[in-house]
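K.L.:
To convert a position in the sequence shown, counted from 1, into my numbering, add 4.
Simulated from the structure, these hints should not be mistaken for laboratory data.
These figures come from a predicted structure and were not determined experimentally.
Glycine included, every Cβ here is placed at the ideal spot set by N, Cα and C.
Take these hints with a grain of salt, some might be off.
List time: in silico SDA-like cross-link candidates among lysine to any residue, alpha-carbon distance up to 25 Å [to be verified]:
#	residue 1	residue 2
1	K79	G66
2	K68	V28
3	K68	S104
4	K22	L73
Here are the in silico distance ranges between beta carbons for each label pair [unchecked claim]:
#	residue 1	residue 2	range
5	G96	G25	29 to 35 Å
6	P52	G96	14 to 20 Å
7	V9	S104	16 to 22 Å
8	S104	I77	26 to 32 Å
9	E35	G96	24 to 30 Å
10	V27	K79	15 to 21 Å
11	G20	P52	25 to 31 Å
12	E17	L71	38 to 44 Å
13	K22	T93	42 to 48 Å
14	T44	I97	27 to 33 Å
15	P51	A10	26 to 32 Å
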Amino acid sequence: GFEVVAVLDVDEEIIGTKVDGLVVQSLRLLEQLISDLGITIGIIATPPSAAQLVSDRLTDAGVKSILNLAPTIVKTPDDVSVRRVDLSTELGILAFHLHS
Numbered sequence: 005g006f007e008v009v010a011v012l013d014v015d016e017e018i019i020g021t022k023v024d025g026l027v028v029q030s031l032r033l034l035e036q037l038i039s040d041l042g043i044t045i046g047i048i049a050t051p052p053s054a055a056q057l058v059s060d061r062l063t064d065a066g067v068k069s070i071l072n073l074a075p076t077i078v079k080t081p082d083d084v085s086v087r088r089v090d091l092s093t094e095l096g097i098l099a100f101h102l103h104s
């Protein structure tokens, strides 16, 4: 399986709270955490306007695989794998199956 080792946010009201036992940390620590923890896969769950900046920071810090949950497409270097999941579409499909 996969182990989530860090949760980051920019919202001061969320930073310091816990998510599944992990303390939410400031996005300012992104590069340091990637280096310190040896993170190789990143997940983007931001508003569309922030997704590219987060993607750039992830890849600049050495992340080679990204799961993009943001409702936008991000551009990455050729050696970085990105999988985009459109949550609206996926929820729509599930709702369809509930009613069919």
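K.L.:
All hints, please: hold or fail.
P.N.:
Evaluation of the provided hints:
For a cut-off of 25 Å, the pair hint linking K79 to G66 stands: about 15 Å separates their Cα positions. With a C-alpha separation of about 23 Å, the suggested pair K68 and V28 falls inside the 25 Å cut-off, and the hint holds. A C-alpha spacing of about 40 Å is found between K68 and S104, which places the hinted pair above 25 Å, so the restraint is violated. For the given pair, K22 sits about 21 Å from L73 by alpha-carbon distance, which is consistent with the 25 Å threshold.
The beta-carbon spacing between G96 and G25, approximately 32 Å, falls within the hinted interval of 29 to 35 Å. The beta-carbon spacing between P52 and G96, approximately 18 Å, falls within the hinted interval of 14 to 20 Å. Checked against the hint of 16 to 22 Å, the C-beta distance between V9 and S104 comes to roughly 39 Å, which is inconsistent with it. Here the CB-CB span from S104 to I77 is close to 30 Å, well matched to the stated 26 to 32 Å.
Checked against the given bound of 24 to 30 Å, the beta carbons of E35 and G96, roughly 36 Å apart, lie outside it. The beta-carbon spacing between V27 and K79, approximately 31 Å, falls outside the hinted interval of 15 to 21 Å. As the Cβ distance of G20 to P52 is approximately 26 Å, the hint placing it in 25 to 31 Å holds. Taking 38 to 44 Å as the suggested C-beta distance range, the pair E17 and L71 does not conform, at roughly 25 Å.
A hinted range of 42 to 48 Å is violated for the C-beta pair K22 and T93, which are about 31 Å apart. Range check, T44 to I97: about 30 Å between beta-carbon atoms, so the 27 to 33 Å window is met. In this structure the supplied range 26 to 32 Å is violated for P51 paired with A10, their Cβ-Cβ distance being about 20 Å.
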